[in-house]
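2 protein chains.
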Amino acid sequence: MELKDQIEEKAQRATFAAKKLATLSVNSKNYALLVMADALEEHMEKILSANDQDLANGVVKKLGKPLLDRLMLDTIRIKAMAEGLRQTASLPDPIGEGLGSFCRPNGLEIQKVRVPLGVIGIIYEARPNVTVDAIGLCLKSGNTVLLRGGSEAIKSNMAIVDILTAAAYDAGIPVGSIEFIENTEHEAVNMMLKLNKYLDVIIPRGGAGLIRTVVENSTVPVIETGTGVCHTYIDESADLKMASEIALNAKVSRPAVCNSMETLLVHEKIADSFLPEMITALTAERVEVRGCEKTMKYNESIIRATEEDWSTEYGDLILSIKVVATIDEAIEHINQYNTKHSEAIITKDYNNARKFQKQVDAAAVYVNASTRFTDGFEFGFGAEIGISTQKLHARGPMGLEALTSIKYLICGDGQIR
Amino acid sequence: MELKDQIEEKAQRATFAAKKLATLSVNSKNYALLVMADALEEHMEKILSANDQDLANGVVKKLGKPLLDRLMLDTIRIKAMAEGLRQTASLPDPIGEGLGSFCRPNGLEIQKVRVPLGVIGIIYEARPNVTVDAIGLCLKSGNTVLLRGGSEAIKSNMAIVDILTAAAYDAGIPVGSIEFIENTEHEAVNMMLKLNKYLDVIIPRGGAGLIRTVVENSTVPVIETGTGVCHTYIDESADLKMASEIALNAKVSRPAVCNSMETLLVHEKIADSFLPEMITALTAERVEVRGCEKTMKYNESIIRATEEDWSTEYGDLILSIKVVATIDEAIEHINQYNTKHSEAIITKDYNNARKFQKQVDAAAVYVNASTRFTDGFEFGFGAEIGISTQKLHARGPMGLEALTSIKYLICGDGQIR
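Residue numbers (my numbering), protein chains in the order written: chain S, 135 to 551; chain G, 135 to 551.
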């Protein structure tokens, strides 16, 4: 069969299954999730040996260490994936939730209820845990899923999908609810992006390149996730000890993730008292500092930040620093260069805190806290399918609700218009 | 200046103005809307003479009568447009509404608030009233707007935009909040569809061709609106008098709009007692009936419905009829051919009513009422920017809330992760 037909057949099965899955009881879904979690742990050996093949291929392909680490599975990580499924089972069911009802003057009763989106396409890169998370969250929210993982983790992903589908279908989940595209050619992604007839949404999870490809080429609605050029602005009134702790945390605690800081903005009135120690602390953590002209005078090792630096998501131990004359200059800089993800102000000034939260355009705007908290678990959603950096449908950390739509149920007695 | 630069400059102005408009008080927005309504009525002559030019051009271009009617403005229609702006002013302000707040174990306080989307692109066809509606709803919801109307109404649209922008900017609305692309070449639409850097969403309003073009070519997120292949299913237990009144209303009250019926499904057990009279009533209203084999035997004038008929939005006095053996066959037919807009069942059976509402996949699912009620005003939203037929972001009639996003405001005391 042609690749196009293969993919379309999978999408068709997912669409067919979606009709049944949408009306499945929460008990049936939760039971399946628990069975699937057990299956992952029972068949650990199968996953580990598939993962060994991926790792061996990765070494041949000369993947970097961070990528190999993300790819690597061990018993602890597999147990964590199973635990994730159990947690998803314990979350409240979003489907069927009433979102209000109203009676119209003509007697029509209109009820707004939460329903699944239908079929969700997920295109992702290396990490095999995304396979498990996505399958669990889609199932819990009553959606079927068409997955397309990256070539690096293909063997691990296939082993995981085999185990989870067998367990799910055994537990009564409609066949076709979990579909996986095994072809790792770029062509398969392009075909998936045109499946408007079957897919209700595509969520890309991965680097900036993948996300750009999906946004630019998909005719299916997309939820853009993940790119984060996050700033921390140290106001002139900031508690400088708090400021340096937060800035350090935002940069070094996990530089590869999207909610970590890429640019530090510092009010010029406190630059002399704040920056020298801050730069020393960053350097001690092996952070490469790039800066504006004013920043450069604090340390001769600082490279001049270029226009490109201000809009770059380093995802690494690199930080650009800019000294600003006013809070307005800080806000303007942020609104020009940010990706609308997470931004923070460190301040003791009430008016500046309010101004910053009002005027900065981002999913999450912090006062006196690290941007690293933008995360479904930290927000208390119990799960996360990604962090939306667009404004349509979902913004910020996406939990189960982000995987739902609504439907109006109208009851009448013969009303005509 | 090149067309591309011209359009980009307009989008840039709208993006710049959006930052200011987003934080404008509701009083300022309402005041402007009232001033704009007055201005429309004061400058009626200017609009009417521009509209005369469009009508004259329309006659030369040999536009059909329905199109010319939609294009035509008179004092009554202009007053209605002004009244629409006043109604929009009287609606509650969606912006700033709190959508819940929660305190995390680490002391972080997270507040979810409603914010504008930012810049909304609207691409539409003939009717000049869309210009006024869109400007009013975008302004009220704190969004700036980039409009691109069709060539047929270009003079009317330009006159309206001139009057409304002058009044709005006089009333203190940030300059750039209302931008209109005067170029009517197709090229301008294509350029608009790639303005990801500036536009947060594009909403197409018009025929199926326009909507397809936008969905297939836009890299900006799109809200798909308007196509409606709506069904009415007459269950075996239906009150046949009610059934025929509803079916007739759904087909003939306004056949050109998206919530009117295109296919009638009839349970075989009541076909003999229902269809002959129904077909007579439809024919009396000059409806052309196409039908399945079973339907054809009730009247020799009935044309055989083809596969294409079942998925066609006639938008005209044409109806396809199918006799089905079970409610399940009806539901299956609907889920195969509908555009997920509005569907109705006429029944006295409690279980069938519930089954239909649960299993039919559409924005609005009716029991014992006409599909013609799917409309922002009929639903009591006080306004309508269109009817979404997708599941992402908004579904069904879209009022002011559909033009908003959310933002998380997080207050801390030095929390790090």
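Don't take every hint at face value.
For chains that are exact copies, the list does not tell them apart, and a pair is met inside one copy or across any two.
Unchecked claim - Computed cross-link-like contacts, DSSO-like style, restricted to lysine-lysine with a CA-CA straight-line distance of at most 30 Å: (1) Lys199 with Lys431; (2) Lys153 with Lys403; (3) Lys213 with Lys246; (4) Lys154 with Lys489; (5) Lys328 with Lys403.
In case anyone wonders, no lab produced these hints; they're calculated from the structure. Quick caveat, the model's predicted, so the values are computed rather than measured.
Hint check:
1. Lys199 with Lys431: Answer is neither: 35 Å inside a copy and 74 Å across each miss the 30 Å cutoff.
2. Lys153 with Lys403: between (61 Å within a copy, 27 Å between copies)
3. Lys213 with Lys246: For Lys213 and Lys246, the Cα distance exceeds 30 Å both inside one copy (39 Å) and across copies (34 Å).
4. Lys154 with Lys489: Close across copies (12 Å), not inside one copy (49 Å); limit 30 Å.
5. Lys328 with Lys403: Neither, since 54 Å and 42 Å both go past 30 Å.
Against the hints set out earlier in the document, violations occur for numbers 1, 3 and 5.
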